[in-house]
Amino acid sequence: MARLTDQEKQEIVRFLEADKPLPDKYRFLLFDEKREVELVWNGKTNEVCNIVLPFQVIEQVDEPRSEKDASRQTSLFDMDARGRQLKGWTNKLIWGDNKLVLSSLKNGPLREEIEKQGGLKLIYIDPPFDVGADFSMDIEIPDSTPPGLPLSGEEKNFPPDKGGSRGVIFTKKPNILEEIAYRDTWGKGADSFIAMIYERLVLMRDLLAEDGSIYVHCDPRVNAFIRGCCDEIFGRGRFLNEVIWRRAFAHNDPTRCGNIHDIIYYYSKSERRIWNKVFQKPSPEYIEQFFDQYDSTRKERYNRLPLDAPRHGDGGNLLYEW
879 MARLTDQEKQ
889 EIVRFLEADK
899 PLPDKYRFLL
909 FDEKREVELV
919 WNGKTNEVCN
929 IVLPFQVIEQ
939 VDEPRSEKDA
949 SRQTSLFDMD
959 ARGRQLKGWT
969 NKLIWGDNKL
979 VLSSLKNGPL
989 REEIEKQGGL
999 KLIYIDPPFD
1009 VGADFSMDIE
1019 IPDSTPPGLP
1029 LSGEEKNFPP
1039 DKGGSRGVIF
1049 TKKPNILEEI
1059 AYRDTWGKGA
1069 DSFIAMIYER
1079 LVLMRDLLAE
1089 DGSIYVHCDP
1099 RVNAFIRGCC
1109 DEIFGRGRFL
1119 NEVIWRRAFA
1129 HNDPTRCGNI
1139 HDIIYYYSKS
1149 ERRIWNKVFQ
1159 KPSPEYIEQF
1169 FDQYDSTRKE
1179 RYNRLPLDAP
1189 RHGDGGNLLY
1199 EW
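Counted the way our numbering counts, the sequence shown spans residues 879 to 1200.
Calculated from the structure, these hints are not laboratory results. Treat the hints with caution; some may be incorrect.
Listed below are the simulated PhoX-like cross-link pairs for lysine-lysine, each with C-alpha atoms no more than 25 Å apart in a straight line [claimed, not checked]:
1) Lys887 with Lys903
2) Lys999 with Lys1155
3) Lys970 with Lys984
4) Lys898 with Lys922
5) Lys922 with Lys903
Quick list of the computed label-pair ranges, beta carbon to beta carbon [unchecked claim]:
6) Trp1123 with Asp1089: 23 to 29 Å
7) Ile1152 with Asn1130: 39 to 45 Å
8) Glu916 with Lys999: 25 to 31 Å
9) Trp919 with Leu978: 18 to 24 Å
10) Ile1138 with Tyr1172: 39 to 45 Å
11) Ser1148 with Pro1006: 52 to 58 Å
None of the values given here were measured: they were computed from a predicted structure. Note that beta-carbon positions come from the ideal geometry of N, C-alpha and C, so glycine has one too.
All chains, please: the whole structure from these sequences, using the hints.
And the structure:
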């Protein structure tokens, strides 16, 4: 424990006498904390949801399979003649509050099935960004309305295509569930967002197998919050990479640098992470097509590339005017 000054001791006494919580700085001074840096926000707690709810089957989608594919089917994905899964925890789309779903997976009967198959190896999440409460969107619906017929108000913003046909623009309004979800996530600003994502990340960490990994997709508006949460939950040493995903081309913004990328944080639960190489050995067909030359001396294949200048206009030169 750190040595306290007389002023700090007096301040602690005043807080205790007034029955008020101590400022966060005294937590580090009074108690041995291993974490050097952490996020602190209003209402922070280490408690997570432990509710277990039963899963109810709403719909089953049959998967057609050929006899060849069926002969290779493993016991993990056993299906009947219709292509319907007989048992197991895979190939499921679970609808509901993701916190309750995660809690039920972690503490419910499916947890045992998951661990029997080696555990959950990979999680990818795309949490909501701070984009405002407008969940409406315009959806263009093509139509074969012949040219010459009057346009309705919705159709006026949808110009005719090359053939003269027109469609309608349907505006999808936000429903009550989307409005409630936004209010719960961003109703209190950054505090409510961090509390939401923090609890879910803790549940995901507990669900992950020891050799599992997680990819967290975010944008520049919330990446600092999410990075801090992930460092605290998984540990800074488990941070593996920051993947930059360019989702748009450069903008011609006159007043600022354009925002054209999202971020994907890559963390592992332990040092025993699974990593499959993203490269594979070229197939014989690929080699035959693109490396069609053979050097008998070096006994290697190679391809031929043009060494002449690319054509620029009719002249074929590389001189450009400034």
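Now for the hints, and whether the structure bears them out:
no. : hint                             : verdict
1   : Lys887 with Lys903               : holds (13 Å)
2   : Lys999 with Lys1155              : holds (16 Å)
3   : Lys970 with Lys984               : holds (16 Å)
4   : Lys898 with Lys922               : holds (17 Å)
5   : Lys922 with Lys903               : holds (15 Å)
6   : Trp1123 with Asp1089: 23 to 29 Å : holds (25 Å)
7   : Ile1152 with Asn1130: 39 to 45 Å : holds (43 Å)
8   : Glu916 with Lys999: 25 to 31 Å   : holds (28 Å)
9   : Trp919 with Leu978: 18 to 24 Å   : holds (23 Å)
10  : Ile1138 with Tyr1172: 39 to 45 Å : holds (44 Å)
11  : Ser1148 with Pro1006: 52 to 58 Å : violated (29 Å)
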